[in-house]
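Fit chain B to the given chain A structure using the hints.
From first to last, the protein sequence lines stand for chains A and B. Residue numbering for the first sequence follows numbering that gives the first Met the number 0, beginning at 0 and increasing consecutively. Residue numbering for the second sequence follows numbering that gives the first Met the number 0, beginning at 0 and increasing consecutively.
In case anyone wonders, no lab produced these hints; they're calculated from the structure. Fair warning: there could be bad hints in the mix.
So these bits of chain A aren't anywhere near chain B, every CB distance computed over 10 Å [as the list claims (entries may be wrong)]:
id : residue
1  : H18
2  : P79
3  : Q159
Computed Cβ-Cβ distance ranges for the label pairs, DEER-style [unchecked claim]:
id : chain 1 : residue 1 : chain 2 : residue 2 : range
4  : A       : L39       : B       : D25       : 35 to 41 Å
5  : B       : A218      : A       : D171      : 38 to 44 Å
6  : B       : A386      : A       : A40       : 36 to 42 Å
7  : B       : D25       : A       : T146      : 23 to 29 Å
8  : A       : G366      : B       : K365      : 55 to 61 Å
9  : A       : G366      : B       : A394      : 40 to 46 Å
10 : A       : L226      : B       : A397      : 49 to 55 Å
Residues from chain B that face chain A, not an exhaustive set, calculated with beta carbons under 7 Å [what the hints assert, rightly or not]:
id : residue
11 : W33
12 : R35
13 : A97
14 : L261
Predicted, not measured: the structure shown is a model, and the values here were computed from it. We put the beta carbon where it would ideally sit given N, CA and C, even for glycine.
There are 2 protein chains.
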Amino acid sequence: MSLSTVPHLTTALTGPLQHIESHLLDHQAEIEHWFRSQWLATPAPFYGSVDLRNAGFKLAPVDTNLFPAGFNNLNEAFHPLCVQAIQSVIERVCPRVARIVLVPENHTRNRFYLESVATLAGLIARAGFEVRIGSLLPDLASPQTITLDSGRSLLLEPLQRRGNRVCLDNFDPCLVLLNNDLSGGRPALLEGLEQRVLPPLALGWSNRLKSGHFTQYRAIAEAFANLVEIDPWLIDPIFRNCGEIDFMQREGEECLAHHTSLMLNSLRDKYREYGIDHDPFVVIKADAGTYGMGVMTVTDADQLHALNRKQRTRMSSAKEGMAVSHVILQEGVYSFETWGPQEAVAEPVVYLIDHFVVGGFYRVHKGRGPNENLNAPGMHFEPLAFADSCNLPDASRAPDAEPNRFYAYGVIARLALLAAAREAAAVAETHLDPTEGG
Amino acid sequence: MSLSTVPHLTTALTGPLQHIESHLLDHQAEIEHWFRSQWLATPAPFYGSVDLRNAGFKLAPVDTNLFPAGFNNLNEAFHPLCVQAIQSVIERVCPRVARIVLVPENHTRNRFYLESVATLAGLIARAGFEVRIGSLLPDLASPQTITLDSGRSLLLEPLQRRGNRVCLDNFDPCLVLLNNDLSGGRPALLEGLEQRVLPPLALGWSNRLKSGHFTQYRAIAEAFANLVEIDPWLIDPIFRNCGEIDFMQREGEECLAHHTSLMLNSLRDKYREYGIDHDPFVVIKADAGTYGMGVMTVTDADQLHALNRKQRTRMSSAKEGMAVSHVILQEGVYSFETWGPQEAVAEPVVYLIDHFVVGGFYRVHKGRGPNENLNAPGMHFEPLAFADSCNLPDASRAPDAEPNRFYAYGVIARLALLAAAREAAAVAETHLDPTEGG
Chain A
0 MSLSTVPHLT TALTGPLQHI ESHLLDHQAE IEHWFRSQWL ATPAPFYGSV DLRNAGFKLA
60 PVDTNLFPAG FNNLNEAFHP LCVQAIQSVI ERVCPRVARI VLVPENHTRN RFYLESVATL
120 AGLIARAGFE VRIGSLLPDL ASPQTITLDS GRSLLLEPLQ RRGNRVCLDN FDPCLVLLNN
180 DLSGGRPALL EGLEQRVLPP LALGWSNRLK SGHFTQYRAI AEAFANLVEI DPWLIDPIFR
240 NCGEIDFMQR EGEECLAHHT SLMLNSLRDK YREYGIDHDP FVVIKADAGT YGMGVMTVTD
300 ADQLHALNRK QRTRMSSAKE GMAVSHVILQ EGVYSFETWG PQEAVAEPVV YLIDHFVVGG
360 FYRVHKGRGP NENLNAPGMH FEPLAFADSC NLPDASRAPD AEPNRFYAYG VIARLALLAA
420 AREAAAVAET HLDPTEGG
Chain B
0 MSLSTVPHLT TALTGPLQHI ESHLLDHQAE IEHWFRSQWL ATPAPFYGSV DLRNAGFKLA
60 PVDTNLFPAG FNNLNEAFHP LCVQAIQSVI ERVCPRVARI VLVPENHTRN RFYLESVATL
120 AGLIARAGFE VRIGSLLPDL ASPQTITLDS GRSLLLEPLQ RRGNRVCLDN FDPCLVLLNN
180 DLSGGRPALL EGLEQRVLPP LALGWSNRLK SGHFTQYRAI AEAFANLVEI DPWLIDPIFR
240 NCGEIDFMQR EGEECLAHHT SLMLNSLRDK YREYGIDHDP FVVIKADAGT YGMGVMTVTD
300 ADQLHALNRK QRTRMSSAKE GMAVSHVILQ EGVYSFETWG PQEAVAEPVV YLIDHFVVGG
360 FYRVHKGRGP NENLNAPGMH FEPLAFADSC NLPDASRAPD AEPNRFYAYG VIARLALLAA
420 AREAAAVAET HLDPTEGG
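Next up, chain A with everything else stripped away, as it sits in the complex:
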């Protein structure tokens, strides 16, 4: 394969990104020192993945997943890094743990997801823990072995409640590791456990809001931009939210159109300021939830009045049938990275375990434009594993050399993870989640 292993940044506007990258390189020791003090104040979640969009002039997170899938898409060369990070986080959080039950999503037909679960379980086993898969599937009466396309097999066992503990047959775990984002609500089976649950239930999408995340992120991006002496907008997507929306009943539509229009205006100003010759756009999506359901791209507020029935229906449903009632308006960030002769759009996804960046991959999609979401339901993207790690910045090379571009991804992803850590801290204070004790 003669293809480069790293997508090409197609925009002519590399100036501003080199601007971001060179500021990150110049301040590398300060950045890492700053992160260390941040993690001391607010420990990182167990793990996470961050979707980034790289517009050349701007590099920003657009989604932060605290129950990451896609571990099967990581470069196997960096599995040792994952194993070491798993050892590190468990040592920090619950060093006496020996047995872990991994609670996955109920997507038994999503073979890609099951490959991710198998990879994650394998990494945990290699890190030196007994790990088994405890399924929440309501109709799973007995253990079921699923053979995966990779040839591996995955044993799903029904998770059982016994008093204040969950267990499997002949397996009493010390730790419940959630890989289920709880879009369908908090399962009663997992409430009030004496075992530690990580990440805590309160970080599921049944409690979390994207606007909450990006509110935290905004403050972090400001402080960080101040540290590295850049405009915070270069790393922060503007967002707004408005009240209740009912797309079917057209309630709240005026409000949405109004905010969209305001946001597009301020983006036009920003684009002008930086000499960017593209049309700004706004992404409208569910404030709670994931998997790219109910996502819409708008370049003009009038488009919101002209939605047809199909579009309205699509915006009204999210994962597991939850109705969208709150939406977030987020500045659209162009993805100007392309890969291969067909110039397929590529979007980086960065993986973190504890606060360590352990790898990532690009979602590569031939059929999409640079202003389209690459993580929509049923969408098939090609994963392209990161060729390098994100922790070897090289000041002796050009700011946009590969290790430095990966370092920049890792820095921005950590800012998003820090926002999630602050969400977790805020949630722990208000909910007093019993699983979050010492």
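Relative to chain A, chain B alone:
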């Protein structure tokens, strides 16, 4: 290069090693759980390297270096692992540190060593610290730049004392990282500092004894062998020490010969028990010190009476002119790993940062036999970087498959590191080293 990237284990006696490796694999989760509890009780030193010898029937450490050189010999593919481990250990031990002064050995003519210092400093910088080299060279009046064979350059600056701190021009470090084993004694410049010194001065060879290390190791090997259900001898080299020795004056010679004879007898018993058709041998070396000076291999106690003047002189001097007065008698462990068509002897060296195994390399030496030391003064070995990491054991493959052999190296090396950690704890209790405060 069509050579295998991993040395070949030439012995026909692979049975017993597969025995060790399969027991390690079978108990992997218990082993890692056990290590976690050990590191909680006794934190690992900042870093270390462990020389192993692999006889096929036996896999044992023969030397543990708490001021490792040779970082330049590691596989660059695992630099991310080193960076992550450095971040992890500093976070655990002294999270507020921003500036580090690295204090190297005074070997300015050893270009290999200087390459190691440059690599280590580079890893620390990538981990997000400001790092500079503070030299103890008495005749270094001003900063000196040395250009290395790799094309890199290294800036040595004279380490200065100011009150209770050491510093360089315009650089006030928070942490003094020793890469100098203090064979020449504890430098007054570093005594009583208010800055943290890691590893502490008390772990230099001016305080440490190999017999102290192997006394700790023996107890650890016994507990560990019990856990994984093997004979502790398979991972533990027998040793003995006797009183004062003066090779020139032939004082203590009888005692040495006596202990050598006793040790050879018990080794013959062990070899018979395991059906090993080789002659056992004993290695006699300085109890304090390193660099393979004053090392002698003996297969018969009578050889000690027949030493000529040259051999006596060699045994009487160690690094930096320290006279050898205490020696340790250690069971010789055959190295039955060979590499390449010439079947050069290969000896693994495992690198650890904190308690994480971050890589290693083989010392490959064409001119040596399987019962000879490969780390003697002026000796030129070829480094062969480990092709795999040591933390990806694979139970689905044969016990002697490469990832599993590397895992076994990592386990035995960590046992030796744990012995060093217990030495450090013992030293901290008796010396109350002021640099070892919280």
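**OP:** Verify that the Cβ of H18 of chain A lies farther than 10 Å from every Cβ atom of chain B, and report whether the claim holds or is violated.
**Re:** Given that every Cβ of chain B is farther than 10 Å from that of H18 of chain A, nearest at about 21 Å, it holds.
Original post:
That 23 to 29 Å hint for D25 of chain B and T146 of chain A (C-beta), does it hold up?
Top reply: The hint (23 to 29 Å, Cβ to Cβ) holds, given that D25 of chain B and T146 of chain A are roughly 25 Å apart.
**OP:** Double-check A97 of chain B for me: the hint is only fine if its C-beta lies closer than 7 Å to a C-beta in chain A.
**Re:** holds (5 Å)
Subject >> Outcome for the supplied range 55 to 61 Å, where the beta carbon pair is G366 of chain A and K365 of chain B >> reply: Once the Cβ atoms are compared, 58 Å apart, the range 55 to 61 Å for K365 of chain B and G366 of chain A holds.
Subject >> Satisfaction of the R35 of chain B interface hint, Cβ to chain A closer than 7 Å >> reply: holds (6 Å)
Subject >> Outcome for the supplied range 38 to 44 Å, where the beta carbon pair is A218 of chain B and D171 of chain A >> reply: At 32 Å between Cβs, range violated.
Original post:
Does 35 to 41 Å hold as the CB distance between L39 of chain A and D25 of chain B, or does it fail?
Top reply: holds (39 Å)
Original post:
Measuring from beta carbon to beta carbon, are A386 of chain B and A40 of chain A in 36 to 42 Å?
Top reply: holds (41 Å)
Subject >> Consistency of beta-carbon spacing, A394 of chain B to G366 of chain A, with hint 40 to 46 Å >> reply: holds (41 Å)
Subject >> Least C-beta distance from Q159 of chain A to chain B larger than 10 Å >> reply: holds (22 Å)
Original post:
Against chain B, does P79 of chain A keep a CB gap of more than 10 Å to every residue?
Top reply: violated (4 Å)
**OP:** Hold the hint about W33 of chain B up to the distance rule: shortest CB distance to chain A must be less than 7 Å.
**Re:** violated (9 Å)
Going through the hint list in order, the structure does not satisfy hints 2, 5, 11 and 14.
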